[in-house]
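Student: Sequences listed follow chains E and X, in order.
Under the working numbering, think of the first position of the first sequence as 1, with each following residue one higher.
Under the working numbering, think of the first position of the second sequence as 1, with each following residue one higher.
Keep in mind the hints are simulated off the structure, nothing from the lab.
Errors might be hidden in some of the hints.
Stretch by stretch, here's where chain E covers chain X in the computed footprint (C-beta under 8 angstroms, at least three residues) [what the hints assert, rightly or not]:
1) 2-10
2) 66-75
3) 85-97
4) 165-176
5) 227-233
6) 269-278
A virtual CB, placed ideally from N, CA and C, is assigned to each residue, including glycine.
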Amino acid sequence: MSTLEDFRRETRAWLEANCPPSMRTAMPDGELVWGGRTVEFKHEDQRLWFERMRDKGWFCPDWPAEYGGGGLTQEQNAVLEAEMRRLHCRPPQINLGIWMLGPVVLEFGTEEQKRALLPPMARGEVRWCQGFSEPNAGSDLASLKTSAVEAGDHFVVNGTKIWTSYGDKSDWMYMLVRTDPVAPKQQGISLLVVDMSSPGIQAQPIDLISGKSSFCQVFFDNVQVPRHQLIGPLNGGWTLAKALLQHERRAMSKFGEFALPTHFDLLSIAGKYLPAPSASSPADIALRQRVFAMAMDEMAYSLTAQRMGEEARARRNVSGLMSIMKLVHSEQEKDKFEVLADVLGHRALGWEGEAFEAQELALTKAWLGSFAQTIAGGSSEVQLNVIAKRVLVLPEGGASKQGK
Amino acid sequence: MSLVYSEEQQLLADTAAEFLMAKSPVAAQRKLRDAGVAEGFDAALWREMVDMGWSAIPFPEAVGGLAFGCKGLGAVFEQIGRNLSASPLLSSVVLGGGVIELAGSAAQQAEWMAALIAGEKRIALALDEQPRHDPAAVALTATRDGEDYVLNGAKAFVADGIGADAFVVAARTGGLAGERAGISLFLVPAGAPGLQVSAMKTLDARNHANLVLQDVRLAAATLLGVEGEGFQALDAALDRGRVCLAAELLGATQSLFDATVEYLKTRVQFDVPIGSFQALQHRAAWCFAQLQLARSTVMAGLAALDDPALDAAARARMASLAKWKAGEVAHRISREAVQMHGGMGVTDELDVGLYLKRIRVAQASLGDGDFHVQRFGELSPQ
Ligand SMILES: Cc1cc2nc3c(=O)[nH]c(=O)nc-3n(C[C@H](O)[C@H](O)[C@H](O)COP(=O)(O)OP(=O)(O)OC[C@H]3O[C@@H](n4cnc5c(N)ncnc54)[C@H](O)[C@@H]3O)c2cc1C
């Protein structure tokens, strides 16, 4: 029996030996590796890092080894994460299935489902998308209408999902469907997993204000889904959905710890575009003050992420802290891009072409993209509802429902 | 650099919480105010704080301190803020003692440190002259005359200046107002001829003073450190004070916020608790989120004061971050607290107003938000 400190030593040595130096650098945009039927690597080091971590079972370090995981205890997993942070290792791949669906299948799936779904997921062979939202079911997710009707050994699915991230690039979808149209709305929902290559499925990318996007509307026209692809009990999907959304928030805050560097460093951009302090007008000085204040707020956020990690490791209750992270981060990003757009002036108003630098065009897109962040994954208003009710325990009001 | 209290620091915080709740609750501050106590604090309470070792916490053992670190002291200041407890811990120990520890000669330390730590003497820092804090703006002059220095000018908003045994006075021996070079620090005894001390009654009912110095003649031995090079030690001591004050602001804000959430749950209008109105829920939830951010910056500021690996600029930057964020959040939450209490919020009967006033003063002391944003920017690598 090796102790935790032995494990730390071994893990550190293994990471030092196996994580290529180029995978210990800040990750530029577009260099995320997505697991799936076809995995694209930008260069050889990405492949090496992906394969080595996969072969260790460390895409899912704390899943049982029998389902393809690394079989680590919670403590060992925390050590692995700490060591990866210490070395600045990039995540070897990104996979919604592992973060969100996997834990739900582990908890609620049958033995056959675990054996069928988890090992390929753990090897990064399947790319998953999330089919929850519908045109008329956003914050009020439980009002979803996409129907699944039982027909012998399968369900027939009809309806449409929207905002499905990478709906056109994913291999499988986990989706919420209505299996009882008359029961109270939370009690007629089930969770299905569906092969995106099934006949009758069509995914259409949606153009956003920032331009082409990875979000799709997905249409289901008499799609047959085998009955054994129902996860959990029939009409019992809402409980699973709530568990899944919790895993989503946790994953998002953990993902935040990797601190994917933004390319838009406030202070250096301000240094480039604003006149030197000696040549500054009062307006320039006021704007520079706003830049500094924004940088300070960014620092307050990253210190809070650090504090949350430390408190969790000290076994304190961090549910209150966790509940603010998405809200604060997405709202701050929005504010930050407003300040940056002010700093760039008309250089932030480009759409395409040679008249603008690539970084300027990227900043404009990022400013437009930031608007989505306070809507996706539970809007800011819904986050505030959650904090008010669950953390501050304020009374339920007649007029305010909590939302997704 | 850890952003949580260690077990020992937490223990200290718990002890301080119990002690202050019993001996120095908000009601006691109200009594001090109503009685018009000139010193603004209760001398017997201060003695007990000293007996518990609080005044020795931040200093190295060599000068008679406990070497427990500023993070431990921050844990105490947070509790002080919660109860609005008044004491000369910030003025005499953190600021006065800090300057002497950082700039004083062995002889000056021998003369003062033990007495400050034992609470037998008090020192106040006389720095600000303009309405807004800016240490480089010192204009009060100290002119060499033979073996002596002669000081002329005025100081304002000197915390705990009434009844202090001596003042650390920042004076200009060279350069121009606005420059860091040319600032010198002097230890001026309260009885020095030509020194006038008068009360400046502030809205938090604490002890503040105005000083006028007219041909105050001082022996060269009262100079702390090197002539014209006082700024560095002054700023380092100020940073300790700024972060401790940020911790006090955090504690005060936390208490005020807790009381406000409680009020939202109990005050009924339209047959429902007002806390069920989403317009108030969202504002309260934002206050909670901001309070968390402020706490992280205060912890980072305290940790930075204790971290010998940081360079002075990095430490100063963290101190400014903490004072700025804690001040901004305190300001926001104090305004919300008054509003959410409705008409009761503007009465003197509730404690809300006492918190509002103390927060306003603490926020303006040792640098307001605008000051610290600018300072953070100047200290940032560009
Ligand atoms: C970029 C992006 C990616 C996404 N990815 C996915 C995905 O992969 N899979 C998926 O299933 N979904 C995804 N979504 C959908 C996302 O979850 C929904 O957009 C979100 O839940 C909000 O729903 P809605 O857009 O219908 O807005 P609505 O619910 O119609 O909200 C409109 C406005 O009303 C406010 N509001 C609603 N209810 C309340 C309330 N109770 N109290 C106060 N205010 C309220 C909202 O905050 C918002 O401001 C994505 C969305 C975006 C923008």
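Student: Return the numbers of the hints above that this structure violates; sort them in rising order.
Tutor: 2, 3, 4, 5
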